[in-house]
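Line by line, the protein sequences are chains G and R.
Going by the working numbering, the first sequence opens with residue 1, and the numbers climb by one from there.
Going by the working numbering, the second sequence opens with residue 1, and the numbers climb by one from there.
Honestly, the hints are just simulated from the structure, not real lab data.
Just to be clear, a hint being listed does not mean it is correct.
[Stated by the list, open to error] To give an idea of the chain R side of the interface with chain G (calculated C-beta under 10 Å), a few residues:
1) Ile8
2) Ala12
3) Ser41
4) Leu50
For clarity, every value in this text was computed on a predicted model and none was experimentally measured.
We put the beta carbon where it would ideally sit given N, CA and C, even for glycine.
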Amino acid sequence: MSETDFTQEHIEMMKNVLIEHVPHAKAIGLKVEHAKRGEAWLSVPYAENLIGNPETGVIHGGVITSLLDNACGIAVQLALPERMSIATLDLRIDYMKPATPKLGLMAHTHCYKVTKNIAFVRGTAYHTDEEDQIATCVGTFMLAANRAQPMPVGPEAAAEALKILEKNKGGAA
Amino acid sequence: MSGTKARIDVNALMQAIPYARTLGITVDQRGNEITTVLHFSQSLIGNPVLPALHGGVIGAFLETTAVAQLAFEFAGGAADGLPKPIGLTIDYLRSGKPMDTYGRAEITKQGRRVATVRAEAWQEDRSRPIAAAHGHFLLKATDDAAQS
Numbered sequence: 001m002s003e004t005d006f007t008q009e010h011i012e013m014m015k016n017v018l019i020e021h022v023p024h025a026k027a028i029g030l031k032v033e034h035a036k037r038g039e040a041w042l043s044v045p046y047a048e049n050l051i052g053n054p055e056t057g058v059i060h061g062g063v064i065t066s067l068l069d070n071a072c073g074i075a076v077q078l079a080l081p082e083r084m085s086i087a088t089l090d091l092r093i094d095y096m097k098p099a100t101p102k103l104g105l106m107a108h109t110h111c112y113k114v115t116k117n118i119a120f121v122r123g124t125a126y127h128t129d130e131e132d133q134i135a136t137c138v139g140t141f142m143l144a145a146n147r148a149q150p151m152p153v154g155p156e157a158a159a160e161a162l163k164i165l166e167k168n169k170g171g172a173a
Numbered sequence: 001m002s003g004t005k006a007r008i009d010v011n012a013l014m015q016a017i018p019y020a021r022t023l024g025i026t027v028d029q030r031g032n033e034i035t036t037v038l039h040f041s042q043s044l045i046g047n048p049v050l051p052a053l054h055g056g057v058i059g060a061f062l063e064t065t066a067v068a069q070l071a072f073e074f075a076g077g078a079a080d081g082l083p084k085p086i087g088l089t090i091d092y093l094r095s096g097k098p099m100d101t102y103g104r105a106e107i108t109k110q111g112r113r114v115a116t117v118r119a120e121a122w123q124e125d126r127s128r129p130i131a132a133a134h135g136h137f138l139l140k141a142t143d144d145a146a147q148s
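Next comes chain G alone, as it looks inside the complex (with noise of 0.2 Å):
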């Protein structure tokens, strides 16, 4: 770990490749709000097709599972001293109380250990006030769990993984 932060130019990288490139995210709408070292805030914006109670508008659980999994995957790419491919090993999602319709969500997550294999990362869902938890998660992460095939994380590999994705579409842009 050479680096203490993140330049805005890597911040701009992750925006791009680590939302870019992952089809579910940009689904819902995630950003990377802001990244350091071992750290990131995602946001996911309120939307009709997240909604998980008609009645109330509450948005489901499942796009907070959406949300603190992605947060977590990226926090723990920024805690490595190399970019690697990783897997969720476990997730654990505690909901405190449900969303307020028609706002959008934040998450921080911090991946706090990394070990030979393993990485920890815990993680809050929030509003505005991070302190205000909507939920909270807890999860573990391997780590260079396919080094055939790492994530995209450089220019080369990102467009790569776009030519995948275009030719997935069958060739729509």
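For chain G, the structure is supplied; the task is to place chain R on it using the hints.
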């Protein structure tokens, strides 16, 4: 399991949930058995290189599977009466391939206010699950108005 109780249409109930529709989850209800189906689409991918399903999608699918089973057992009917998740622990066992995924859940303990549920998701082979979860859900107790 649910004996002689009037059966509800769990699939119709799930289709009323926007996020379940967004993910493409349907319910296959045969007699007293509920199997949820997560229909594959490109927007469910989390790792485009492998490619593999998004971990959050798998978690959301297992949660929905548990809710579908609870809805079936405790026949609420309205989406408003759906049990609310308190906590969910997901074990990721294998990477989710870009194909349909199936889910089954089992209620391990039903209390007055809280139910404990285990859920499993698989693809080609049920004996090789891609993920398993166990969670606690708050039931809509009549004498104990739940939060929200």
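Evaluation of the provided hints:
no.: 1; hint: Ile8; result: 16 Å, violated
no.: 2; hint: Ala12; result: 12 Å, violated
no.: 3; hint: Ser41; result: 9 Å, holds
no.: 4; hint: Leu50; result: 6 Å, holds
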